[in-house]
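J.: Residue numbers (our numbering), protein chains in the order written: chain A, 0 to 62; chain B, 112 to 946.
Some hints could be false.
[Stated by the list, open to error] The calculated label-pair distances, taken between Cβ atoms and stated as ranges, are:
(1) A:Leu-14 to B:Leu-895: 30 to 40 Å
(2) A:Leu-14 to B:Ile-394: 19 to 29 Å
(3) B:Gly-396 to A:Leu-41: 39 to 49 Å
(4) B:Thr-330 to A:Ala-37: 42 to 52 Å
(5) B:Glu-479 to A:Leu-41: 36 to 46 Å
(6) B:Leu-561 to A:Leu-14: 15 to 25 Å
(7) A:Val-9 to B:Ala-559: 45 to 55 Å
The set of hints was computed from the structure by calculation and includes no laboratory data.
Since the structure is predicted, the reported quantities are computational estimates derived from the model, not experimental observations.
All residues carry an ideal CB built from backbone N, CA and C; glycine is no exception.
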Amino acid sequence: MEVIYYLVPVALVILVIAVGIFFWAVKSGQYDDMEGPAHRILMDDEELPPAESPESDRDRPQP
Amino acid sequence: MTHAASSPLSGAPPLDEPETCFHCGLPVPGGAHYPVEMDGEPRPTCCAGCQAVAEAILASGLGDYYRHRTDPGPTGRAVVPEELEQLAVYDDERLQSRFVEMDGEHLREAALILEGITCAACIWLNERHVNGLPGVLEFRVNYSNHRARLRWDNRLIRLSDVLKAIADIGYVAHPYDPNRQQQVADRERRLFLRRIALAGLGTMQVMMFAVALYVGEATGIEPAYERFFQWVSLLVATPVVLYSAQPFFRGAWVDLSHRRLGMDVPVALAIGVAYVASAWATITGTGEVYFDSVSMFTLFLLTGRFLEMGARHRAAQAGEDLVRLAPNMARRVEAAGETMVPVTEVAPGDRLRVRPGESVPTDGRVVEGRSAVDESLLTGESMPLAKSAGDRRVGGTVNVESPLLMEVTEVGEETVLAAILRLLDRAQAQKPRLARIADRVAAWFVAAILLVAGLTYTWWHLHAPLDAFWITLSVLVVTCPCALSLATPAALTAGTGRLAAEGLLATRGHALEVLSKATRVVFDKTGTLTAGHLEVVEVEMLRDSWTAPAALAVAGALEQASEHPIGRALRRAAEERSAAREVVARSGEGVTGIVDGVAYRLGSPAFAGGAEAPGIATPHARATRVTLSDAGGPIAAFTLADGLRDGARNAVVRLREMGLEVSLFSGDGDGVVAAVAADLGIADHRARMLPQDKLAAVAALQAQGEVVLMVGDGVNDAPVLAGADVSLAMGKASAIAQTHADLVLFNDHLPHIAAGIATARRTLAIVRQNLGWALLYNVVALPLAVAGHVQPWMAAIGMSASSLLVVLNALRLRAPRSAARSPAPAAPAAGPEPS
Chain A
0 MEVIYYLVPV
10 ALVILVIAVG
20 IFFWAVKSGQ
30 YDDMEGPAHR
40 ILMDDEELPP
50 AESPESDRDR
60 PQP
Chain B
112 MTHAASSPLS
122 GAPPLDEPET
132 CFHCGLPVPG
142 GAHYPVEMDG
152 EPRPTCCAGC
162 QAVAEAILAS
172 GLGDYYRHRT
182 DPGPTGRAVV
192 PEELEQLAVY
202 DDERLQSRFV
212 EMDGEHLREA
222 ALILEGITCA
232 ACIWLNERHV
242 NGLPGVLEFR
252 VNYSNHRARL
262 RWDNRLIRLS
272 DVLKAIADIG
282 YVAHPYDPNR
292 QQQVADRERR
302 LFLRRIALAG
312 LGTMQVMMFA
322 VALYVGEATG
332 IEPAYERFFQ
342 WVSLLVATPV
352 VLYSAQPFFR
362 GAWVDLSHRR
372 LGMDVPVALA
382 IGVAYVASAW
392 ATITGTGEVY
402 FDSVSMFTLF
412 LLTGRFLEMG
422 ARHRAAQAGE
432 DLVRLAPNMA
442 RRVEAAGETM
452 VPVTEVAPGD
462 RLRVRPGESV
472 PTDGRVVEGR
482 SAVDESLLTG
492 ESMPLAKSAG
502 DRRVGGTVNV
512 ESPLLMEVTE
522 VGEETVLAAI
532 LRLLDRAQAQ
542 KPRLARIADR
552 VAAWFVAAIL
562 LVAGLTYTWW
572 HLHAPLDAFW
582 ITLSVLVVTC
592 PCALSLATPA
602 ALTAGTGRLA
612 AEGLLATRGH
622 ALEVLSKATR
632 VVFDKTGTLT
642 AGHLEVVEVE
652 MLRDSWTAPA
662 ALAVAGALEQ
672 ASEHPIGRAL
682 RRAAEERSAA
692 REVVARSGEG
702 VTGIVDGVAY
712 RLGSPAFAGG
722 AEAPGIATPH
732 ARATRVTLSD
742 AGGPIAAFTL
752 ADGLRDGARN
762 AVVRLREMGL
772 EVSLFSGDGD
782 GVVAAVAADL
792 GIADHRARML
802 PQDKLAAVAA
812 LQAQGEVVLM
822 VGDGVNDAPV
832 LAGADVSLAM
842 GKASAIAQTH
852 ADLVLFNDHL
862 PHIAAGIATA
872 RRTLAIVRQN
882 LGWALLYNVV
892 ALPLAVAGHV
902 QPWMAAIGMS
912 ASSLLVVLNA
922 LRLRAPRSAA
932 RSPAPAAPAA
942 GPEPS
């Protein structure tokens, strides 16, 4: 059963990593809108008349 | 009362095939013809507003919106040019400095509140439409709170252009100051999420180790492994207690430093003592460890607090949505011409021009012009009053007929509006506060626990000194205030969600609790029980060769450009409309014009002539009559009155059935108020009340022990809304009434008030059940713990089970998902009038 002395610390390291990733996700605003993304993915971005996209690109200010 | 329902007119459209508006889903009035074309097929819309909006959407290639949306869009309104002009205010640099972040010289970023969002397709539509505008760098909408962030290049586009573009597709956007609340709320939310995450992950780990310890205890674990697991548990539980449980320690400290006992005190005590004792047991190697209970405590309680915070933020947001940043602007007449200036810069003696449809910026005197002025929001008077040179005008009233030139007499603190605001502040300060049920329970519950724990320790200290500490600890853990502190937030959160589904938005945290205790509902009249604008209630034909629809069509044509309430009512009532030429409006008298080659006069009987003759006393008190005539004499007489809202009668009946008293307080004249009260069967009605009278009357009711729900809409209602125990403003109420009401009825559907009270009562019943359960659990568990029979694992299971039960019980309040999504469209269909 000595293996437990290695496995538990490994589990703790994974725990720290998980907490770190979650903190980063919260900080970067991924949890600010809990509903929108679920709907957003269903919307197609296609079927736009070809006139529009180049126009909006053209009028963007040049960096 | 919509005109379709109210008109006892002949020739009403057949109802066999009700067409619905392609854009907003409302029925298309008969005769209305505003088609739009999509996929090569014509689709009907209900009004010019919806038509314009739908055309704008389709023209920009966003027809997908109609394929993907799950709820109809907001009814389009024909956008008044003056409103668009007002948007230009937001381009003002001084004003922008309050809400715009500058990034370099030209890039700017602002936060907007979007109104009219009903489903995810609206978000898509707005994002696509605005992102397609040249000069817009980024526009992203948050679906949860209907806020948007806009980045734009000020050289290419101005903020007002973006707001106009949003208005084109039928939504309303206005900037807000995110620093005020939103950032604080966001920060609090993120901190909470981090705390919950840490507590959750930590709890899972500690529980795994705890299982090893429990099983080990039963099967005989080697002491070395036991010590190892205890140490690891300590390692994981420490950040949970120090980081995640912080809010409870802080709260307890605040409570104690104010010398009161709140819910945080036993929570902090249980977490703190259990953690310190377990750590001690780990270090010394004697006694029990409670790390799993400590972590789980923290997780459950944090979740409860998170729910509570969500409800609080939503309420705060709802309140913030109502606050407009734009100062009121005035059109000052100077030597060089007219300039728009903020009202704060106007001084007595200045001359201001007030166009029809605009509100009067401040108090003053009419210098030039004749017009009718709608004072209903300030006084409750339902009919516009005629004003001409020399008459006083009060700031906040609306000019409805023709342009006026006025001279300012009072500004700022001197105005009538400011006096109402002062009254409002006083009312708010004196508002009675009902103690919250959770706080009341908490105080004596905490005192009882501390007493029992103290006695337990004393008794065991005398009999078995070694066990005394551990048994006292198990008493503190087992009397887990967990269920008790989850009981209220879980139920209130679910109840608030249910209210929102009914169209009632709570803007204050206490609204639900007080609403459930209301004993009397006091209604305002104008704009609350009545629609607040005139409707054609009767058409009397004076010439046999004419039909009512034909007469209304001519009248509607003559009034096509009128902003006067009478003109608008006739326009709404006209099912078909002809075109009129050479229309001349004479203020206070009527209009003349030519329709289909025939000259008509429309106006007061004195102006249009001859209609006094077959005058029948109308049943509507304070109704107005206008006559349509041509060269051959009068053709028809229209009776107009401020009609009751749909469902007003139903609402009053239902409130009575629920055991509530109903009163009517109005600023309008005796006759009208009595007529409306008689119509609705309200015995207690009072007329000609000034804002301070209403406030005093409500205070008198409160002094008799009544809990008053005030329902109103006008500026004159704002003080009494602030002073009532709980208050509700209509969806189209003045901004000041809405910001001072506890609830806003967004769909203006009165029977939902009764439904809302029922929901509030059910919520409080659930709160009581939850508190009852938590107490019962304690009554059973406490003696066992006091007697020393409770193992740590038993405490953990009992605690989790009772917390879960409390949350599940609260979830029973939740509205069905479909109802929560579309409150508005269902409203007009529900609640038929019992006539």
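J.: Next, verify each hint and record whether it holds.
T.: Okay, the hints, checked on the actual structure:
| no. | hint | verdict |
| --- | --- | --- |
| 1 | A:Leu-14 to B:Leu-895: 30 to 40 Å | holds (34 Å) |
| 2 | A:Leu-14 to B:Ile-394: 19 to 29 Å | holds (22 Å) |
| 3 | B:Gly-396 to A:Leu-41: 39 to 49 Å | violated (58 Å) |
| 4 | B:Thr-330 to A:Ala-37: 42 to 52 Å | holds (46 Å) |
| 5 | B:Glu-479 to A:Leu-41: 36 to 46 Å | violated (59 Å) |
| 6 | B:Leu-561 to A:Leu-14: 15 to 25 Å | violated (35 Å) |
| 7 | A:Val-9 to B:Ala-559: 45 to 55 Å | holds (46 Å) |
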